[in-house]
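I would like the entire structure built from these sequences, with the hints used as guidance.
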Amino acid sequence: MPIKLLAASRRRPGLTRADYQRYLEFVHGTIARRERLKIASYVQNHVIDGAFGVLDDDTHQQLAERDAVVELSFDSFRDMLSTLEPAEPSAASVDGKFFADERNNIIVMVEEEEIPVPTPMATYNPGLGLVEGVGALKVLQYIMRDESVYPEDYLKYWREAHEEALEKVPYAREQLRRCVLNKRCRANDNDAAARKHFKMVNPPVYDAVAFHWYDTIEQAGAFRQYNEALKSYSKKKFANWSKSFFLYTKEIVVVRDTPKA
Amino acid sequence: MTVNSTEYTVQKNYGDWYASTAIKAGQPPLTPEEEARPFAKYYYDEIPQPDPAHMAMMDKPCDPAKALYPEQMNDLLNPGDLDTEIGWCNLANGAGFIANKIVYPDVTAEMIDWWFAWHPVEDLRYRIWYPPQHAGIMLSPEGRARLMDETIPWSERNWGVTHHVTENCNCGMDNVTISFKSPKDFGFDMSRWKRPNVATFAGGQGWAVSVDKTDESITAPAMMCHIFRETEAGLEHRTRFWMGYRLSNGKPELTLPPGVAVPPVAVQGLARHNVCEFTRFKTFLPRIYKEFGGRMVV
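Chains as they are written, first to last, in our numbering: chain A, 1 to 261; chain B, 1 to 298.
Just so you know, the hints here were simulated from the structure itself, not pulled from any lab data.
Some chain A residues close to chain B (C-beta under 7 angstroms, calculated; not the full set):
hint: 1; residue: F77
hint: 2; residue: S82
hint: 3; residue: V149
hint: 4; residue: R186
hint: 5; residue: D189
hint: 6; residue: A192
Ideal placement from N, C-alpha and C gives every residue a C-beta, glycine not left out.
See below:
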């Protein structure tokens, strides 16, 4: 089963978000195309906006800025390791310092689970309705597990909360085109080398990152309503919302092969 | 049965359980509450020593060319024996391989199914299995609810349940999470899943890390397979471990960095531990089943 690395980063000091995103797409992305190694697919999610924590927090309980999240997919765990830790440092591995504040990266190794959605295709425009499960607005929701909850129960509770939230919010139910739950893999525990490389100190651990696709930025309100319903799920406490965040992003595909017929 | 019974009141939340494992790892004496449990007497049993000839087969690695890879697990459903039924080694790809076989004249498949559902509910139930090296166990609230659900057949009770175990497999105390699977989810060919090929099964995906975990500690995956079949001599228990593998959507996947091998001392340590803990089964399981079998609450 494919494994995927999610790396959320913010720009290095002295760069604007535009500087950072331009470098990420046109320099770093180009390096990855030229030196693909065993990357199966590579997607950049450029941040448009986002929110960190909840309104009840007096102050932020986490680093409240992210400028992009990159997704690197591999056919196997060994492909991932041989790409990220090549015998000789790759051009991509030494390029990060030119645009990212690397010690504040959040890295999560995940496996995807496709969560069925009620309305995967827009109905109001035949042109938009040609393809299921796509959308110009991609929301990335990093949800931190409450430390009292067992990891195996956390995923179950998220699913229950998600289904209930969609039930409560018809707008989101109608507009959500695709949902993927990215579940943290235990192999992620062995990331000492990555932490050392990036000089990361106690990076936050996220057991799940949910991706939501909507047609356009105009449907961001649907996600906000959904998110409020998700947070109000009261049957089981499962998340630390003060340390969770979501990002509205634009997806930039760097490497993705056309599926074989 | 009420939620005030010990089977429920021992539940800890994740953070509290994790913090408690350092204490459990010291294998403290039983608490007064544990001493009062009717099965506490088993903690003080004299533990039977393994057959020396059997244990000697774990002294040196076996021939890797005769080992079974996890992708070949369905060979365990063939009649007869495989090339290696007792032994351990590193496979050519660096993974650790363990095989063990023990025949239990007085044990049934029903006893096995009951035991794997009964023992995770309390530390003491796990400790009495093999007191020298078993330190404690915990379930999540959802896992506990499933194991206590009497509408689920014993043979299926553990499917999807994660046991959070603290034990020493001869390399120091580890916290091991074992996510039990149905044989189908483990990867077996269910069209061949029938007697006499198989009587029952307990297995899943494990991840082990030292109780004294640091940033540098390795969290090690292993696929664990206990498969049982009936023979004229009794219930035959065949164990296989594939260390360094994880189950990925029902398929085994090697999760070692290229060029890295599971340390032989860890493979041999688990192999020896396995012989010891299941030697104990031979007489212990029929006795405790006679006293408490067929029910969860004591």
